[in-house]
Amino acid sequence: MKRFGQKTQSKDTNVKRSKFADARHIQVESPALKNGAVDIKRFVESRSFEISALQDAMHRSKHSSAQRAFQALPRCLRRRAASHNIKRIPKALRDRAYYEMQLSSSATTPVTPSKQRLKRFIKRLHRKLARHGSSPKITNSGQLQTEHSTENSRIPLLPAVKLVNGKFAGRQLRKVWLPTHLWTAKRAHMMNAWGYAIPESPTEKSYRPTHRAAFCLNAIAFDMSYQPLFAITGPLRVLQETFGDCFTTGLPSAYTKTYRSFNSYVKNSQTNELLCPCLLQWHNPSEDCKTKFPIRNNGSAVQLVVRLHASAFLDAWNHLSSIAVVDDQIAMHDWRLQLASFDILGPDANVVLHDIFPDVQSSEKRTWESVSKLPTTSLPFGASIDFDAPLVNHESELRQEGNGKKKDNKESKSNEAPDSEFGLLWDKHETPSFNVFNYVQQKKDLPLNVQKDLVPVYLTHQPKWNGVTVILPWEAAKFFWQKLMFRKGVRFGGLKNLHQIAFEKKMPFFPADYPDTKSGQAYEVQRKQRNEEYWRRRPPAKRVNFENFGKNFSEIGDPFSCDWDCFRDDSHSNTIERTAQFFKRVEVRMVQRGALHDRARVYSIDHGKIDVWKKLIYDKKITAEAAEYPPCPETDALCGFVTTANFNLTAGRPSGIATIKSGVLDGESQGYCLIRNVGCSIPRLAQWKILL
Amino acid sequence: MVRFKSRYLLFEVLYPQDKQFHEFSTIPSDNAITSSGLSKLLRNTIAENFGDVGIGKVASSLSVKYFSPSTSTGILRVSRQHFRLAWAALCFLRELNGKPVVIRVVRVSGTIKKAELAAIDRNATEVRQLSSLNDVVQTV
Chain C
1 MKRFGQKTQS KDTNVKRSKF ADARHIQVES PALKNGAVDI KRFVESRSFE
51 ISALQDAMHR SKHSSAQRAF QALPRCLRRR AASHNIKRIP KALRDRAYYE
101 MQLSSSATTP VTPSKQRLKR FIKRLHRKLA RHGSSPKITN SGQLQTEHST
151 ENSRIPLLPA VKLVNGKFAG RQLRKVWLPT HLWTAKRAHM MNAWGYAIPE
201 SPTEKSYRPT HRAAFCLNAI AFDMSYQPLF AITGPLRVLQ ETFGDCFTTG
251 LPSAYTKTYR SFNSYVKNSQ TNELLCPCLL QWHNPSEDCK TKFPIRNNGS
301 AVQLVVRLHA SAFLDAWNHL SSIAVVDDQI AMHDWRLQLA SFDILGPDAN
351 VVLHDIFPDV QSSEKRTWES VSKLPTTSLP FGASIDFDAP LVNHESELRQ
401 EGNGKKKDNK ESKSNEAPDS EFGLLWDKHE TPSFNVFNYV QQKKDLPLNV
451 QKDLVPVYLT HQPKWNGVTV ILPWEAAKFF WQKLMFRKGV RFGGLKNLHQ
501 IAFEKKMPFF PADYPDTKSG QAYEVQRKQR NEEYWRRRPP AKRVNFENFG
551 KNFSEIGDPF SCDWDCFRDD SHSNTIERTA QFFKRVEVRM VQRGALHDRA
601 RVYSIDHGKI DVWKKLIYDK KITAEAAEYP PCPETDALCG FVTTANFNLT
651 AGRPSGIATI KSGVLDGESQ GYCLIRNVGC SIPRLAQWKI LL
Chain R
1001 MVRFKSRYLL FEVLYPQDKQ FHEFSTIPSD NAITSSGLSK LLRNTIAENF
1051 GDVGIGKVAS SLSVKYFSPS TSTGILRVSR QHFRLAWAAL CFLRELNGKP
1101 VVIRVVRVSG TIKKAELAAI DRNATEVRQL SSLNDVVQTV
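Those protein sequences? They're chains C and R, same order as listed.
With our numbering applied, the first sequence corresponds to residues 1 to 692, in that order.
With our numbering applied, the second sequence corresponds to residues 1001 to 1140, in that order.
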């Protein structure tokens, strides 16, 4: 066998050498083409031959080095370990990868977990359940501590977590996994927040791609199943009267008669304290559902479906149920773990969804098709639509469908007049009704097999975010997400990315930019923890000494968070009340130089001094090193903090959202202030503007 | 680990005594000149002018990667440390096949791709100028 080895070896090296020579060689015009005299034609010919020879040589030398199929992919599609599963490569590269696989001939077999391991997991699960009942937030029976509930489930008890069976049951005892967890956990840094395992940000670098996906090109999808969905049922008039005060915009009647959703803020009607932003949709349940409601007068009941933020859910539920418990015409339903929601933002969101749901079953099929090619901004304001769609396609059906569809498309294009059906659904004046919400209430009677049945889906347009919200049953969410992520242009994002998008749109992001809410203050505590941890981990020589930096400067308040205690007043000891009453949210930006960072301190300037500053910056254009530069103002000039700030890619300059004292605003809509970053002793001139 | 870096010199061979072709100075050379022939000539020049030291420095890394007699342009590869020596040797090369020549280095670059691109640029501009000239003036 040695002999054979040697022969093939020398053949290989010869092949290699000639390949190398061939790749690097530049062709020269053969002399047979020339004749005696010099003329233009020959000159041009020889020059152009040389050009093509050189280009050819460049091309050959580039492609002579071996590049495997997996190396030719963009970063977002690449796998960390080169997998040998051909199905995971884009179709265009599959042939090449197959060929390479045959060359390298290595095989991997899947590993099946043993049954014994599964049994051990289940035993441990039971033991943990027995131990777990001692947590204060969760009662002995595994329910959340709510203040009001009735026996006949008019106002139900809230389960803390969804008990699941299976391999990962033990990990889901103390927190809820989102339906897409298995997919997301492999691709994102996860964090534990508000009882859910939420993706914080993707593992790959995604600051600029998120910006591009949300504003310029494709789309970015977020799993928002951690935002609890619940519904309040009752006769329309009763609901509007009792709960009108609980929402900052009230409950306008216009929305009760149209297929649109709207955004508002939940607030405590007695103390006027802001709780959290929410998405609202009116829904007229089906007759079967209506008969099942444990309320008086259930024939005329409608539902108000609310989706709000997880951090404020318990407070909102307690407050709303305290109002509902009194009146027995009102019931509440908790759909947190039955319905999953997704937010898809970006200009292509609408088109992507149409790709995923090309063929739908609904009375509104033509309306759906009429908006198929629109970018997200062109959708009607807050428009909602629902239909039943298949989520799992079987190969044979697809092929048949594909052939049938082509014929249908041609016919329908000639028959259908364009824009004839557009907007018909959203011009209707009736209380809307959506299949998903009916399904969720009848779930126990009609179980859904996602593989075979049609899944009810609800979509609504979110104008502020320039995106589409999708609500589906929890079991179907996984399949929908996989379909979504398989698309070429769709990225996924975590909390940080959502925060970034809100910041770039100059929208305050809940809870970071809402220090006047309980969740906002809780967020500050977490922020402080995070930043302090980070600071403590660094060696003393390489970290900022907040006691003494810059020009003998010492940091005001806590450098790791927005320290609202600095404004502690004896008359108003409650931070939340004080902030809500005396502070206002503004948008800030630097005038000339300087970067804006989180937690920057905001100082007010006296009217007289504003002109001095303006002159220095605009006319003389001095920098901070110059002697003329005014020093930092006194601590009493401190009027607020910047809650979120960064370089804003949409604006092309640093910008931020801050909360400052209303006194400074003086009734104007914009003005000047000084901003000093944490750990920096130089104040810089900035402008503030009230957020609408 | 130090990486071996080289320089690629894009040069053209000019014949000062022959008639110029329009405004362009490069005219086709004799077919007999090949890249290997030029390489040999160059080594002789270095041995003459810079002696054994010169040859010792440059010999291992000197090679003529490309030479086209029809356009009289070529690409020479030398190590980065001694490219000036090779450049000087090119200047000292005064005769080719009996004709007096001047070798002019047009571009020095670190990769062969950039040298090739520079050659393409020059050729393209010349062709473009000639073709615009063609509309106005008829042949030689």
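Source of the hints: derived by calculation from the structure; they are not laboratory data.
Treat the hints with care, since some could be wrong.
To be verified - Here are the simulated lysine-lysine pairs, DSSO-like style, with alpha carbons at most 30 Å apart:
(1) C:62 to R:1099
(2) C:62 to R:1114
(3) C:175 to C:91
(4) R:1065 to C:16
(5) R:1113 to C:41
(6) R:1005 to C:19
(7) R:1113 to C:19
(8) R:1113 to C:62
(9) R:1099 to C:41
(10) R:1065 to C:19
(11) C:41 to R:1065
(12) R:1099 to C:16
(13) C:505 to C:614
(14) R:1057 to R:1113
task = Assess, step by step, whether the Cα of residue 1113 (chain R) is no farther than 30 Å from the Cα of residue 62 (chain C), and give holds or violated.
result = 10 Å, holds
query = Is the Cα-Cα distance between residue 41 (chain C) and residue 1065 (chain R) 30 Å or less?
reply = Between residue 41 (chain C) and residue 1065 (chain R) the Cα gap is close to 27 Å, so the pair holds against 30 Å.
Distance restraint between residue 1005 (chain R) and residue 19 (chain C), which requires alpha-carbon spacing of 30 Å or less = 23 Å, holds
task = Would you mind confirming whether the straight-line C-alpha gap from residue 1113 (chain R) to residue 19 (chain C) stays at or under 30 Å?
result = OK: residue 1113 (chain R) and residue 19 (chain C) at ~19 Å, within 30 Å.
key: Agreement of residue 1113 (chain R) and residue 41 (chain C) with the hint, judged by alpha carbon distance not exceeding 30 Å   = This hinted pair holds, its Cα atoms lying about 28 Å apart.
query = Can the restraint linking residue 505 (chain C) and residue 614 (chain C) be considered satisfied, given a maximum Cα separation of 30 Å?
reply = 28 Å, holds
ask   = Is it true that the CA of residue 1057 (chain R) sits at most 30 Å from the CA of residue 1113 (chain R)?
value = Holds: residue 1057 (chain R) and residue 1113 (chain R) sit about 25 Å apart, inside 30 Å.
task = Assess, step by step, whether the Cα of residue 1099 (chain R) is no farther than 30 Å from the Cα of residue 16 (chain C), and give holds or violated.
result = Violated, at roughly 41 Å.
request  = For the pair supplied as a hint, residue 1065 (chain R) and residue 19 (chain C), confirm whether the alpha-carbon distance does not exceed 30 Å.
outcome  = Measuring from Cα to Cα gives roughly 17 Å; hence the hint holds.
query = Taken at face value, is the distance from the CA of residue 16 (chain C) to the CA of residue 1065 (chain R) at most 30 Å?
reply = 19 Å, holds
message = For residue 62 (chain C) and residue 1114 (chain R), compute the direct alpha-carbon distance and say whether it is at most 30 Å.
response = 13 Å, holds
query = Given the hinted pair residue 175 (chain C) and residue 91 (chain C), is their alpha-carbon gap at most 30 Å?
reply = Distance of about 39 Å is beyond 30 Å: violated.
Hints 1, 3, 12, counting from the list given before, are not met by this structure.
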